[in-house]
Amino acid sequence: MEDIAIKIGGPAGSGVMSLGKMIGKLFQMYGWYVVIYDEHPSLITGGHNISYVRASKQKIYAHRTYAHILVALDKPTIDIHKNELKKPALVVADEGIAASLDNSDILSLPLSRIANELGSLRYYNTAAFGAMAKILGARKEDVTSVIKKLFGKKGDEVVQNNEAAALKSYESIEHSYFKLEKKANKFMLIGGNDAVALGAIKAGVKYLGQYPMTPASSILSTIAKHEKSKKIVVKQTEDELAAINSIIGAAFTGARAMTATSGGGFSLMAEALGMAGMAEVPIVIIESQRGSPSTGMPTHTEQGDLRFVMHASQGEFPRVVMAPGDVEEAYYMVFEAFNIAELVQSPVIVLMDKYLSSTIQTTPIFKTDLKVDRGKLLKDDQAQNIKGYKRYEVTEDGISLRALPSQPNCMHVASSYEHDETGFTTEDSEERIRQMKKRMKKLAVIPKHIYAPRVYGSDDANIQLICWGSTKMPCLEALKILKEEDVKAKVIHYPYIVPFPYDETIEILTKPNVRNIVIEQNYLAQFRGVIREQTGIYIDETLLKYDGREITPEEIVDYVLKGD
Amino acid sequence: MEDIAIKIGGPAGSGVMSLGKMIGKLFQMYGWYVVIYDEHPSLITGGHNISYVRASKQKIYAHRTYAHILVALDKPTIDIHKNELKKPALVVADEGIAASLDNSDILSLPLSRIANELGSLRYYNTAAFGAMAKILGARKEDVTSVIKKLFGKKGDEVVQNNEAAALKSYESIEHSYFKLEKKANKFMLIGGNDAVALGAIKAGVKYLGQYPMTPASSILSTIAKHEKSKKIVVKQTEDELAAINSIIGAAFTGARAMTATSGGGFSLMAEALGMAGMAEVPIVIIESQRGSPSTGMPTHTEQGDLRFVMHASQGEFPRVVMAPGDVEEAYYMVFEAFNIAELVQSPVIVLMDKYLSSTIQTTPIFKTDLKVDRGKLLKDDQAQNIKGYKRYEVTEDGISLRALPSQPNCMHVASSYEHDETGFTTEDSEERIRQMKKRMKKLAVIPKHIYAPRVYGSDDANIQLICWGSTKMPCLEALKILKEEDVKAKVIHYPYIVPFPYDETIEILTKPNVRNIVIEQNYLAQFRGVIREQTGIYIDETLLKYDGREITPEEIVDYVLKGD
Amino acid sequence: MVKMEDLDPHHWIQWCPGCGNFGIVTAMRKAIAELELDPKDVVVVSGIGCSGKTPHYIKTYGFEAIHGRAVAVAMGIKLSNPQLHVIVNTGDGDNYGIGLNHWIQNMRRNLDILHIAHNNHIYALTKGQAAPTTPFMEKTSSTPHGNPEKPLNPLLLALSAGATFVARGYAGDLQHLTELVKEGLMHRGYAFIDVLQPCVSMYPKMSYDYYKEHTYYLKDHDPSNKEKAIELAMEEGDKLPLGVFYKAQTYSIHDFYEDIHQDLPASKHDIYDIDISDIIEEYL
Amino acid sequence: MVKMEDLDPHHWIQWCPGCGNFGIVTAMRKAIAELELDPKDVVVVSGIGCSGKTPHYIKTYGFEAIHGRAVAVAMGIKLSNPQLHVIVNTGDGDNYGIGLNHWIQNMRRNLDILHIAHNNHIYALTKGQAAPTTPFMEKTSSTPHGNPEKPLNPLLLALSAGATFVARGYAGDLQHLTELVKEGLMHRGYAFIDVLQPCVSMYPKMSYDYYKEHTYYLKDHDPSNKEKAIELAMEEGDKLPLGVFYKAQTYSIHDFYEDIHQDLPASKHDIYDIDISDIIEEYL
Ligand SMILES: Cc1ncc(C[n+]2csc(CCOP(=O)(O)OP(=O)(O)O)c2C)c(N)n1
Ligand SMILES: Cc1ncc(C[n+]2csc(CCOP(=O)(O)OP(=O)(O)O)c2C)c(N)n1
Ligand code: SF4
Ligand code: SF4
Ligand SMILES: [Mg+2]
Ligand SMILES: [Mg+2]
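Residue numbers (numbering that gives the first Met the number 0), protein chains in the order written: chain A, 0 to 563; chain B, 0 to 563; chain C, 0 to 283; chain D, 0 to 283.
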């Protein structure tokens, strides 16, 4: 067994997600690569939930359309997903379900019996986990370890009961169907939003102002967990207006400050975004896109907000728009976002989406020897001797020395009005032009290599899959499949949209005899439009998806092989 | 005398604007073409205000950089503007100012004396008006008529005192410097915002929800004046969030509904804009741009919000973006906006700017035989017999029959979630795709000729001035000047940006041997970017201005003749 | 005759079994049926949240608006067509958090609507974050070290802002709640009912049992006495009073617009040939 | 020693001669000087409006934010560095209109700031539209047929929302206002002062003369008595009371964050090498 995919289905509230996580954790302990992908409607109870766990001995990048094992926590699951099964197809379900279906192909398990014996149906999914561990050929002691790891913080009783449920059902199965081999890898198993949280904490975020919104809400929960130990002011605000305005206030004092939201909340942030641009306050905004427009499809994925975040707020000011491609990049890029924000003293938007926010992956253990760079921030000792301080001084690179409240000799007003070098309101034509030019050139200080597109795949490939943000994951997976089929292809991934890497784009996209295909999760092929606006290059092939489900590697491969 | 330009300068609060209006009114009575342009800082008192009145026997389109007469309501005015004077240069000022400057070229007038005699400095500017009327060679009775027209509603005393002030100063001057000839023209003299108000009232606006914001505020005041006689619900709201959400509610009941704001307020409307798109509620939003980003330069002009209004709100949904080019177009296009909104059951954004909002022009008397078209609106009698009504039925053109509360047999829920044909929330992949396709194709029902660019100037010209919105005015004026200099040019004006007129653009911009120049009031040449994104055509010549002042015909001519 | 069945849901109900919202929507249906309002003249407006799904579960016209803006949407509806009966359903986060401004301002305006706040003391739909009514130091998914905010007092704010019908209901007492809803529907002016709503999934602590112990019914209270109503709202006892705190008939913003709707509501005016010649005259 | 001159404006003042705002900013300068606060530790935050220009006219740190959001910006400032003295200046439109939610929520949080609302009963900077405090049926540029809304009651709302220092000042009495500002600055918690501010250009009706006739100074009022404070705020007499209505020392949200700032305010923490190995451990 090299690669195995397990699909778990059940009603919301039945612990589908948590079962997925337990199984993923087990594979992680065995040194396997893991991708866990969830799908669920915007309801608390009812509706069909899915957790899909894919594990492999080789590096994997995304979920696939098939499953080898289907764990049915309810009856409908079997009907909905049976066609996705691939050999060695195994359907696992509680004996109640199995009996009612009268289907001898189903591996029937005493899950509800075990749970009831332990006094609560809450243990149903842990029982399923125990069974899966046995089926996969894991050792008993590893079942215990997973349970300890995941439930440890909830107290001894919880651990004991879960352990009992898992082990009982582990033992209820006679033989394993697979043999889970141990690999030497040591990974983290972490989701996109948690990677964002870690990147921010590592970067020294000192103030988080956030209003809950799917799929960004867990960033708030995760950072809040560490508010005391990492000394971070975490403030759930009354709305997104307060969230962004308060992070601007926080950043004005020198605290590294962040907010996180989805498109609807970002809409409410549009006005203050421009204030950060005008008053030159460095802030970081995480925007995790979901099915839209409007309330849309809250628990589904999309890349529909690209143009919006690029142009949100009246008028023109510098901003950075970055879009990490996977969980690992989310960590490093969020860290980088804070450095860049202070470097250019402007807002930085990190564009995520539901797929990246909630996908859980094995990643190499995050490096922590990262360098914090606070740009032109005035130090307290420098302030002692400074004379004639001007907050918005026009400099060569457009960036001015940033002083903070409580520093002597530097008192000034940060203003949302157009202002002169001191910060005082001006409507003078020449002052205005000077300040506009000053601001608009700031992004040029960002080193080019930082925002260059990344190229994956064979050098001599003439098929180029062009993507940005989270679609990197299925694209890289598709690359692997194409390679197996002897089709040479490349993935051109844009981790930054603004600033736009002009030179590299021209070079890459105008190579002779290449077939360029833009792959995005939206209706209008927004990124294709950006490329054309910036370079004039029109890419006529697109693979677009906007039904809220992440594009699959299979869909990409199909498209590449057959065309549309 | 064929063409005369008068510049009035003075401190805020000294009645500069109202003097400009009196003089403009006088010219209007004489059948002259008039353009009045104002400039002032965002302050209630203090700061330098300008009103510039240009009148001509021939059609004129915009203000110019020169003045023949300078009316100085304070001393600094003379210094600031004396270089703009052109022969026959005349400087007019109160005797106090004239004496202090010891400058015999100044026509010294007893303005403050007359005002004080009447008991208030409030009459200072009316006195200046009387003098100007005499200088221009207008008849006494016309002075009286102007005063009656402008002050009539304020009561007899106000009229009498103003009349007295004007006539006294009229008589204090011995001879006229010009001879104001009467022409047979009969014009309206009206500003951009008032034209918007009239267009909306004519279109049957029944609910206006607005929060004041320069330069859109006077739309609220003007419509409120007529709220009782035209039976319009005018509601000043607590903020722009309430403004747009309440017009969506109003439109849901069937009332034609509108809001008006500037970029900052529009930022706050971004979220609900998407709701109107998703729930398919027809609304009209007037967005009058000002100097930005953020609070920016509130009383100055700019076209910096184009991309923002095109992409505001998360996700993708149909919207129309139109941008009238002058006062007359503002009336007709706002009327049209209401028809189109109901035709496509989507939000329509009318992009104005401070220049168009506040510029006052003579225009042919507005036609009122305009046809209201409510699109697929269900009639009460149709509703009686309807069966199986579905609000979001998927139809050939994407547009569904719109039923209103209180109609029988049609009860449904309008929703900001993705929904099925009945309006119920759905997250189903196929339903989603059907509804997206349905919505996104709706704009195709707008007849192409409506949004085609308009071409002005000689057919065989090979210089094309490409513009959108209010820059039409200086461009057309520049065309006149160029013609005088025997330079053949055309103005290509885009009254609509969305939908984008693709075919016409290709045809017009790719003519052989043409020199295309994009003229916009912003830093990033946003419209050039739109053209390139839509067509691939890159126009390398741009004339951009972003200091808050409208580009002048002279600047355009200079650029055309000399290049940048 | 309107029957309860006429008001059946548009769609099958997706709330958790046992959710307090069932009681609320049933009370609404009963009240409308008992008052014999024609469902086609009723518009139910909501924001986003579990509470936001209410319009789908009662067959009238409905508008499921964006989070926090239900009251603003309702204002546009009611001012354009005052003949409609407008019922707003919000969550506690929806109304006391993000949407608070519209709530306060429209109570000041004494807008003629019925507003039912589903107060489950939690952000339920987004999975259990602290709401403005979550108890102090409570641990929620967004406040793992405890909620650092003291909860706000909805009834006191309603009274201070100018609502003219202020009541507290309980989702577990259908009869009592139905009466409140009926009284609110009949009231001309802003009728505000904060409804204690058990959320069995995201905040099981405040259960039906809990409320049975921690509520009592107002008796012998004179709802025309505002001072007393304020005192009641400020009470910090162990039990919360249920019933009508305050009721008055005073100026409503609709008085100002009455002439506009005299013959027909504005939304139904004939707009095919509006005469603007008098206005054009002003510019000649 | 801090002198008044140290607090001179950053720039020449652009308010109309005679504007009540002069009195307010002078009281702020006097209060800071008399309390000997170091100007570099003071941050004056405003929204947009004539009132919004205040930060430019007092030499401390300042933030002229967007319309309606001053309190939200101030929250971020104060929570990140509680050692700063944060003074918020808003207009009445700014605060009681567009910004009302942040005001109410932060009074509930008992955020430790001083908030001075410049209440001139009008939208001055935008040229005279009705504000939430404009009298009923007043004709303004946006309400030519009269203001259809009853004004809101700032002090009553402040008391209901949870502010712990609630006062009314008058821009025409420098001495009295200075004392209020001093007391507000020394108060730990939300200190809210609604200041009656004559606007000579856009709402001359409520002039200095008018206020002389329509105000009186609170005497013998016990500011620890909240019931009495509410009664006073609800008084509908011809004259408005000036002075401190209410004052109390209770829980503030800062209590929750105290440990974070114990050694240094969060904004000054060393962030060059944050250790996250313990968190990484959780994912292994
Ligand atoms: C602008 C915006 N921000 C955030 C959200 C996410 N959101 C949806 S419902 C909700 C709160 C739900 O709580 P509540 O209003 O109390 O309703 P309940 O689910 O408890 O009925 C939030 C924060 C959103 N939809 N829109
Ligand atoms: C989002 C937004 N909406 C509207 C405006 C326009 N605006 C500027 S100041 C102001 C109101 C001023 O009134 P107030 O707050 O009472 O301040 P005052 O000028 O009276 O001091 C308004 C509506 C704005 N700047 N931003
Ligand atoms: S989560 Fe709570 S409020 Fe939402 S449906 Fe379930 S029980 Fe009701
Ligand atoms: S308009 Fe009024 S508030 Fe503004 S500066 Fe002038 S007097 Fe003061
Ligand atoms: Mg709730
Ligand atoms: Mg004001």
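Simulated from the structure, these hints should not be mistaken for laboratory data.
Keep in mind the model is a prediction, meaning the values are calculated, not measured.
In this text, a Cβ means the ideal position worked out from N, Cα and C, and glycines have one as well.
Just so you know, not all the hints are guaranteed correct.
Straight-line C-alpha distance at most 16 Å; calculated EDC-like pairs for lysine to aspartate or glutamate [said to hold, decoys possible]: (1) A:K58 x A:E1; (2) A:K148 x D:E281; (3) B:K152 x C:E280.
To give an idea of the chain D side of the interface with chain B (calculated C-beta under 10 Å), a few residues [stated by the list, open to error]: (4) H66; (5) M201; (6) Y215.
Which chain A residues stay away from chain D? Per the calculated CB distances, all over 10 Å, these [said to hold, decoys possible]: (7) H67; (8) T236; (9) I445; (10) D459; (11) L543.
These are the hints, each one checked on the structure:
1. A:K58 x A:E1: It holds: about 11 Å lies between the C-alpha atoms, which stays within 16 Å.
2. A:K148 x D:E281: Between A:K148 and D:E281 the Cα gap is close to 8 Å, so the pair holds against 16 Å.
3. B:K152 x C:E280: Satisfied, since the Cα-Cα distance of roughly 14 Å is no more than 16 Å.
4. H66: Because about 7 Å separates D:H66 from the closest Cβ in chain B, which is inside the 10 Å limit, the hint holds.
5. M201: holds, 7 Å
6. Y215: violated, 30 Å
7. H67: Nearest chain D Cβ is 26 Å from A:H67, so the label holds.
8. T236: Given that some Cβ of chain D is not farther than 10 Å from that of A:T236, nearest at about 7 Å, it is violated.
9. I445: Check passes; 21 Å lies beyond 10 Å.
10. D459: holds, 38 Å
11. L543: holds, 34 Å
In terms of the numbered hints stated before, the structure departs from hints 6 and 8, listed from lowest to highest.
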